[in-house]
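Colleague: Chains as they are written, first to last, in UniProt numbering: chain Z, 1 to 269; chain D, 1 to 287.
Hints listed in this document are in silico derivations from the structure and should not be mistaken for laboratory results. Just so you know, even glycine gets a beta-carbon here, dropped at the ideal spot from N, CA and C.
Okay, derived cross-link-like pairs now, BS3-like style, lysine-lysine, Cα gap no bigger than 25 Å in a straight line: (1) 115/D to 86/D; (2) 244/D to 51/D; (3) 140/D to 120/Z; (4) 115/D to 140/D; (5) 140/D to 223/D; (6) 243/D to 228/D; (7) 140/D to 228/D; (8) 120/Z to 96/D; (9) 115/D to 120/Z; (10) 140/D to 94/Z; (11) 96/D to 140/D; (12) 243/D to 184/D.
Going by beta-carbon spacing under 8 Å, a handful of chain D positions derived as facing chain Z: (13) 98; (14) 99; (15) 100; (16) 101; (17) 104; (18) 106; (19) 107; (20) 139; (21) 140.
Reference excerpt, derived from the structure (chain Z facing chain D, CB under 7 Å, subset only): (22) 127; (23) 129; (24) 140; (25) 167.
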Amino acid sequence: MMNNSFAQPMWQNGPAPGQFYNFIGGGYNNGAPAQLPRELTTCGPYGTKHSTAAITTGSSVLGIKFDGGVLVAADTLVSYGSLARYQNIDRVFKINDKILIGGSGDFADIQSIMRNIEQKMIEDQCCNDGVVMKPKAMATWMTRVLYNRRSRMNPLYIDVVVGGIDEGGAPYLGSVDLRGRAYDDYVVATGFARHLALPLVRERKPKDRDFTFEEATNLIREAMKVLYYRDTRSMPRYTVGICTAANCSIKGPFKVEENWTFAETVKGY
Amino acid sequence: MFRNQYDSDVTVWSPQGRLHQVEYAMAAVKLGTATVGLKNRDYAVLVALCKPASELSASQRKIIPIDDHLGISIAGITADARVLSKYLRSECLSYKHSYGSTYPVSRLITNLGNKMQTTTQRYDRRPYGVGLLIAGYDEKGPHIYKVEPSANFFNCKAMTIGSRSQSARTYLERHLSTFNASSKDDIICHGIHAIRSSLPNDELVSKDDGGSQLNITVAIVGKDQPFKILSDEENLHYLEMAKKRGGSIIVSKDDDDDDKPSPGDSEEPAPSTARDPQVAVATMENP
Numbered sequence: 001m002m003n004n005s006f007a008q009p010m011w012q013n014g015p016a017p018g019q020f021y022n023f024i025g026g027g028y029n030n031g032a033p034a035q036l037p038r039e040l041t042t043c044g045p046y047g048t049k050h051s052t053a054a055i056t057t058g059s060s061v062l063g064i065k066f067d068g069g070v071l072v073a074a075d076t077l078v079s080y081g082s083l084a085r086y087q088n089i090d091r092v093f094k095i096n097d098k099i100l101i102g103g104s105g106d107f108a109d110i111q112s113i114m115r116n117i118e119q120k121m122i123e124d125q126c127c128n129d130g131v132v133m134k135p136k137a138m139a140t141w142m143t144r145v146l147y148n149r150r151s152r153m154n155p156l157y158i159d160v161v162v163g164g165i166d167e168g169g170a171p172y173l174g175s176v177d178l179r180g181r182a183y184d185d186y187v188v189a190t191g192f193a194r195h196l197a198l199p200l201v202r203e204r205k206p207k208d209r210d211f212t213f214e215e216a217t218n219l220i221r222e223a224m225k226v227l228y229y230r231d232t233r234s235m236p237r238y239t240v241g242i243c244t245a246a247n248c249s250i251k252g253p254f255k256v257e258e259n260w261t262f263a264e265t266v267k268g269y
Numbered sequence: 001m002f003r004n005q006y007d008s009d010v011t012v013w014s015p016q017g018r019l020h021q022v023e024y025a026m027a028a029v030k031l032g033t034a035t036v037g038l039k040n041r042d043y044a045v046l047v048a049l050c051k052p053a054s055e056l057s058a059s060q061r062k063i064i065p066i067d068d069h070l071g072i073s074i075a076g077i078t079a080d081a082r083v084l085s086k087y088l089r090s091e092c093l094s095y096k097h098s099y100g101s102t103y104p105v106s107r108l109i110t111n112l113g114n115k116m117q118t119t120t121q122r123y124d125r126r127p128y129g130v131g132l133l134i135a136g137y138d139e140k141g142p143h144i145y146k147v148e149p150s151a152n153f154f155n156c157k158a159m160t161i162g163s164r165s166q167s168a169r170t171y172l173e174r175h176l177s178t179f180n181a182s183s184k185d186d187i188i189c190h191g192i193h194a195i196r197s198s199l200p201n202d203e204l205v206s207k208d209d210g211g212s213q214l215n216i217t218v219a220i221v222g223k224d225q226p227f228k229i230l231s232d233e234e235n236l237h238y239l240e241m242a243k244k245r246g247g248s249i250i251v252s253k254d255d256d257d258d259d260k261p262s263p264g265d266s267e268e269p270a271p272s273t274a275r276d277p278q279v280a281v282a283t284m285e286n287p
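Okay, chain D solo, but in the shape it has when bound (with noise of 0.2 Å):
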């Protein structure tokens, strides 16, 4: 039932520092399909991929509009994320009518970040179970913010959370440099290019084949342009315009897959790279 001693409750540590129910929020996020966030000088972007969850279902929706300057990208239980959209809602909702502009993207994931962490210091709730990604826009430029289960939030140039993602960060880490420079299509066509190293290599083959569509919901926010999430033509349009770019597929390694639970206390605390790539893709912090 329980995989050590110390993980029957979020307010109890392990005598290595940990927080085990905290840890496998975290591991919540995993589960979820992949997005993708990334951004140029003017817009930011998020890519998702959709799966159904059964042959017969609708696929989740993946991308959450906020407000015309901010929207979010799940990954993990879409419940908990529904709980926080209607926060983020009605926190933008209220600063609009209080100040009659848009909340400040900083500012709104700080107060985010401070309700999330009380979830991870009180017995009688738990963490919420989603990963996200936020795409904003305001004063200071487009923005690209990772919000963790444990309330950890970054503000990033470009990241990626959910199954399999670690390819799609090898790709941002590799095109990183380009991606301030480069033009919306561009950063559009950079984001599907990075969701879609993160299909595993069955798959990858079958939607090259033109057989069936890549399922992708895209979105877009920046200068001039409230967030919107982009109709099928237009992402008919854009896959397309990714394919005839090309751009350099990285065939995603099962060793690098971070779906793999974590390890268990029994084991030496593991040595920093056992651990999942939290590594920044590049923090605003640490370019």
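Chain Z with its partners taken away, still in its complex shape (with noise of 0.2 Å):
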């Protein structure tokens, strides 16, 4: 029986008698298991709800590899609905010298994962060895990532394309999306590029070489157009990535060459 409740407790804050004092680098969270992120493990006062449609959506995204790199285009446009909500957002993204990626989707679980993605660019470069990450390991690496995220019912509802310059200088371009399906091609696409881009360049591959940097960048340019013409959610203004081994930068914004004079003779509408 304590006769001072007031007392302080004989022993605060050490081991329990014959355990060890647990100074850093202990190792792996002293034994127990990692931790998931806090947004994934609290719940809300009703319990937890997950995203189960993308709200703010990207459009397509096209990529077209070339004999010396590669190009990533995608409009300017991020839709909320069917309102073209903001219209001058740059959805290539430069990750390193090495990599480019174009995002569509959930525009916000786009910008969730480059926040991750940047950090990983900044403990790349605290290494200070002058080794950079490529862009199939990116592409790898995302894929876990989407996958782990879908397995716990918790997708991030995007579909990216990854390009860039691989280790041996060589291109590569892929493209995951938010089940963590992955696969790499000379040319891949999102959204209604799928259907409208992928045909219109797959019939202009020649069989025997890879495109030239001159018929890429026309490929993207009428490929943009007809993704204007065609696609409601996307916007006659578009940004290209263009990654090499000498040179990994954004450019644009490019005006789409719109004529609208046809649109007299359209009747039945």
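Build the complex from these two chains, which are given one at a time in their own frames, with help from the hints.
Modeller: Below is the structure:
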């Protein structure tokens, strides 16, 4: 029986008898399993609701590989439903000197994963060993993250194009979607471009060689025009990311050459 | 029991600014048989001397493959090396799972160094009693790293650790300038010559008679060459080749042997020459 209820316990902040103090660098979370980020484990007052659809969306992204690098293009529109809400937003990102990413789908989720990637690039730079991440590694990492999120029933509603210069100087172009599905090819597209631009580009692919830079830029220009005419969630303004061994940058915004004179002859709507 | 007043615990400093327990762990490296690591422009090579613990037993494994681009050669407590190699393997595997590519060698070694350092700063741990030579190949080319129980690591052009390694080190220093431009066969032969020069004289003579073969393990990693431990036939092939090329075999002098225990604390703080010659054969930083 304690006589003095105000007395401090004898042994504060120490280890249990027979245990060791735990200092920094003790290893894996002192034996406990790794903690998930708080936003994934904390319930709201009525439980947790995960997002079930994209809210503010970017439409198509189109990537084309050519003999010395890759091009990634996307218009600058972020829609809120059918409303053209934000009209001047770059959806093609330069990650480092070797990687470009074009993002479509829920733009908030794009921003979220971009913050993650930005942090990873800072960690890369902190090593100060001249090793930079390559696009293939980035695409693989994205599939891991996105598949992990879908497995926790909390996917990021995004569809991204990852391109750039891989180890050995070869161009790489691939796509990863919200379930972590991934593939790479000489042309990849997301959103409506998958229906409208992919066949257009594939039709023009020479069998025996890659596209030249000239051909690739012309195809981007034409595809963005078709997309503008046909996709109601698009805009006549787009940016293009170029990544070659020598240079990685975002160009633009460019205007789509629109011509509506044919509209006078269109009848029946 | 104790050599002096200040070596009862890893976390205790001596007034000279030394950590005796850590230095004792460094001495464990010198109990292991010698091993050599060296590289040319495209390949990194490890050569290790295998001596059975007794007549009745097989020799301990000296070279441990970690991943396709990386392997280690050990000197010291083999059990500790196994723990470290398990760590290195799981790190490489998880990196490969996340990024679909191989772990950059410099980063892996930095992380290994950080892990090993914690054991030198906690009273409930002890330093790993093993020295590692790491041969790896990544986008920056071939690498040789030396990792010590003190958790220091060095990026090396060529390095050797283990018992009687001083003579091998002398060999490496003497031929250092030729390594970079030499061929794959050359660099392996250099490795074999270096390890031979670490043998005691009597053994060297008996091996040269051809009565018994020099018992070594050789591993290579490099451009378009996943980490590979050479087979017995290949070993024989290279041993013959090395013998033919002769090479200046440096007969080791007993006085530059580094098997002796490090001087106790009772003495004057030893002048730098008396300390273990951890002066670099040549680290990348001091060519």
